[in-house]
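Sequence lines, in order, name chains A and B.
Counted the way numbering that gives the first Met the number 0 counts, the first sequence spans residues 0 to 140.
Counted the way numbering that gives the first Met the number 0 counts, the second sequence spans residues 0 to 155.
There may be inaccurate statements among the hints.
Only pairs whose alpha carbons sit at most 25 Å apart, straight line, appear in this in silico DSS-like list of lysine-lysine [to be verified]:
no.	chain 1	residue 1	chain 2	residue 2
1	B	119	A	91
2	A	79	B	62
3	B	58	A	79
4	A	32	A	79
5	A	79	A	43
6	A	33	A	91
7	A	91	B	62
If you are wondering where the hints come from, they were derived from the structure by calculation, not from laboratory data.
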Amino acid sequence: MSCDTILRLMNNIPSVLAILLCDWIIIEQGTEKKTLVGVFENLKSTGFPVVRPMGFYARLTDLEGHYHFTLRIVRLNGDKEDFMAGAEFNFKSDDRLGTLELALNLPAVPFTEPGRYEFQLSADGIYLGRAAMNVVAETRT
Amino acid sequence: MQTYLTVSDVTIEPPGMPQVPSSSGTPSRISSDQAPEVIFSAVSPDKTREAVDRFSRMKERLKPTGELLFAPTIDARLRIHTPFRVLILASGDGVSAHAHEIEEFGYGTNRGEALDDLGKTIAELYFSLASDRERLTSDLAGVLRFLEEHITQVHP
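Next comes chain A alone, as it looks inside the complex:
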């Protein structure tokens, strides 16, 4: 879809309150409160490729209407980006003052080699923000 079409059709743009990466997101049954376990920015591994289950958490507000969210996980390779994985999901909100929490426990994110990786969040083709992490090779001692 072209930028002109997106701008013509767009809903209210969500405001991002937080984007975090962690080991796991625990959701308490009943209260639905979230506990983010092990918020991190650096991941060390002695071998590659490595697969790592991890949590992606985003909190947004100012949503009104139907949204198509996309999450792109990319490896930054100089001035290029290598697409590693992604997720897409739809959401409808009729309460602009409410908040939406994306609490995604991603089962296995592949990291092919050391470097910097980004989790890029967009809604209806509009870039909202990112979380970045470093994957570091650790030598076994």
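Assemble chain B onto chain A, guided by the hints.
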């Protein structure tokens, strides 16, 4: 009202890759009436043909275009209500993000850094022009008008 979305039933673990043990903590998995339709794919040489095709289709769908619509939170006091059009330009030693409608640039070693830098630049420009609103030349007043068509100051 607070809503949340979870991924609870998706498995993409490619076989044959070493697994880093995760920290303790078992996620509760609560089904939601608004459970998202999630497709999650990953690179793996061992995937089935169908999975590889699905991944390729997703990769194509999510491929960034030359022009980006930019509306992140650039400052806690500001809210972008209409996205800026931004061109991502790669050069030999980094990436620049060019908001061509206002001739502002952000620079970084990668796209994310360039966009972060552009966000800071736009926020600084907005505050700078807004604080001198009464004394601006017509050109700068035009830039401020354009910014105010895209940005609202929500906190002083």
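query: Can you name, in rising order, the numbers of the hints this structure does not satisfy?
result: 1, 4
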